[in-house]
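S.K.: Protein chains in written order, with this note's numbering: chain A, 1 to 176; chain B, 1 to 176.
Each hint should be verified, as a subset may be incorrect.
Unchecked claim - Restraint ranges, calculated between C-beta atoms of paired labels, are given here:
1. B/Q165 - A/Q165: 25 to 33 Å
2. B/T151 - A/G147: 31 to 39 Å
3. A/R100 - B/M40: 22 to 30 Å
4. A/T63 - B/K34: 36 to 44 Å
5. B/T151 - A/D29: 26 to 34 Å
6. A/A73 - B/R38: 34 to 42 Å
Calculated from the structure, these hints are not laboratory results.
A virtual CB, placed ideally from N, CA and C, is assigned to each residue, including glycine.
Number of protein chains: 2
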Amino acid sequence: MELTKIPTLPKFTGGESREERTLSREPLDKSAFKQVIRKMNLKVTDQRLLILSALHEGRTHVTAQEVYEIVSAKDPEIGFATVYRFLRTLTEHHFVTEVRMGGLPARYEMTPQSHHDHLTCVSCGKICEFENHEIEALQEKVASQFGFELTSHVLELYGVCPDCQKRKKAKASFGN
Amino acid sequence: MELTKIPTLPKFTGGESREERTLSREPLDKSAFKQVIRKMNLKVTDQRLLILSALHEGRTHVTAQEVYEIVSAKDPEIGFATVYRFLRTLTEHHFVTEVRMGGLPARYEMTPQSHHDHLTCVSCGKICEFENHEIEALQEKVASQFGFELTSHVLELYGVCPDCQKRKKAKASFGN
DNA sequence: CTATCAATGAAATTCATTTTCATTAAAGGG
DNA sequence: CCCTTTAATGAAAATGAATTTCATTGATAG
Numbered sequence: 001m002e003l004t005k006i007p008t009l010p011k012f013t014g015g016e017s018r019e020e021r022t023l024s025r026e027p028l029d030k031s032a033f034k035q036v037i038r039k040m041n042l043k044v045t046d047q048r049l050l051i052l053s054a055l056h057e058g059r060t061h062v063t064a065q066e067v068y069e070i071v072s073a074k075d076p077e078i079g080f081a082t083v084y085r086f087l088r089t090l091t092e093h094h095f096v097t098e099v100r101m102g103g104l105p106a107r108y109e110m111t112p113q114s115h116h117d118h119l120t121c122v123s124c125g126k127i128c129e130f131e132n133h134e135i136e137a138l139q140e141k142v143a144s145q146f147g148f149e150l151t152s153h154v155l156e157l158y159g160v161c162p163d164c165q166k167r168k169k170a171k172a173s174f175g176n
Numbered sequence: 001m002e003l004t005k006i007p008t009l010p011k012f013t014g015g016e017s018r019e020e021r022t023l024s025r026e027p028l029d030k031s032a033f034k035q036v037i038r039k040m041n042l043k044v045t046d047q048r049l050l051i052l053s054a055l056h057e058g059r060t061h062v063t064a065q066e067v068y069e070i071v072s073a074k075d076p077e078i079g080f081a082t083v084y085r086f087l088r089t090l091t092e093h094h095f096v097t098e099v100r101m102g103g104l105p106a107r108y109e110m111t112p113q114s115h116h117d118h119l120t121c122v123s124c125g126k127i128c129e130f131e132n133h134e135i136e137a138l139q140e141k142v143a144s145q146f147g148f149e150l151t152s153h154v155l156e157l158y159g160v161c162p163d164c165q166k167r168k169k170a171k172a173s174f175g176n
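Starting from the given sequences, assemble the full structure and let the hints guide the process.
M.R.: Rendered as structure tokens:
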């Protein structure tokens, strides 16, 4: 029986301030980014290198606007459309994954090596990532029962995080 | 062990033309719609009754634009904003469920009595509905492991439907 | 029947996203 | 290294869904 993978400290990637963890990936140098761009048959430009490094070093789940602000700090000449276009291209080539919730602006993250889904607090916006092979297996099973070849899925759980549960209880008792 | 519920005929709700099945609910009369509106502490208007009947009789997963066109046919005076506003209100009160896929316009359906998730064909847009209690149970488990109280979830599976698989194979062999 | 206040319709607005187009610059061959 | 080709860029305009505004209309309680 496969167990749900639970990190020793829940990966709360965010909080009231919408801060998220910074990624601690192995440092990818410029030439690695160039490889990525060349794999897509695109020309290597400073703008694209900047965007990739922003995605790589920055926090996960950034909006296009946020990426634009990050790269603008290093090169004020860079255009918004360039960021948008490249994010779309990266998404189409699956180097980046687009996450959309409700009608909010799309958020982007480097496509994670190990697939994960999201558990989001409806009260404060915290995002926990999780991975559950049992659920994945059942999804495959459902698809195959309908004769589908599964290509991808979106699983977003919404709930109230422990902190917000406490906060609500505190407020409730204060109110009485 | 709970089995995935599979209808005798897969509920293919759509096809190339984006047609979807019409619902065969027990006929709700006007007074039932009035009840729904009154439950929300809203005033009963002809427009709202029209919108409800369009949602009830029409196909599932309609866009606001489609609802507008349906009700326009019966009452050309009706405004787009009225449709939008009422769909939002219905959604907030959980009488209607909003489904968003990618950046496409939101689609609405009467909130299903038995919860179901969607299996969508990325090639032709067909939507199959399914229900899997094992997956639901595992979702609860994951949430509780993070200390969350689960309030809702979105599970969308994407794949290639049997028809499109055949079509692609046919095209491939024709090409050689 | 009348007053009150929500609901409506038309149009304007917002905001994310996408496209246009003139200019700039990457990459490959000489 | 220079030139040519063609893609990439940046600014601005365009698009399109969603939302809001506001003057008018109409539902409902008394």
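S.K.: It remains to establish, for every hint, whether it holds in the given structure.
M.R.: Quick rundown of the hints versus the structure:
{"no.": "1", "hint": "B/Q165 - A/Q165: 25 to 33 Å", "verdict": "46 Å, violated"}
{"no.": "2", "hint": "B/T151 - A/G147: 31 to 39 Å", "verdict": "33 Å, holds"}
{"no.": "3", "hint": "A/R100 - B/M40: 22 to 30 Å", "verdict": "28 Å, holds"}
{"no.": "4", "hint": "A/T63 - B/K34: 36 to 44 Å", "verdict": "43 Å, holds"}
{"no.": "5", "hint": "B/T151 - A/D29: 26 to 34 Å", "verdict": "44 Å, violated"}
{"no.": "6", "hint": "A/A73 - B/R38: 34 to 42 Å", "verdict": "55 Å, violated"}
Hint compliance for this structure: hints 1, 5 and 6 are not met, and every other hint is.
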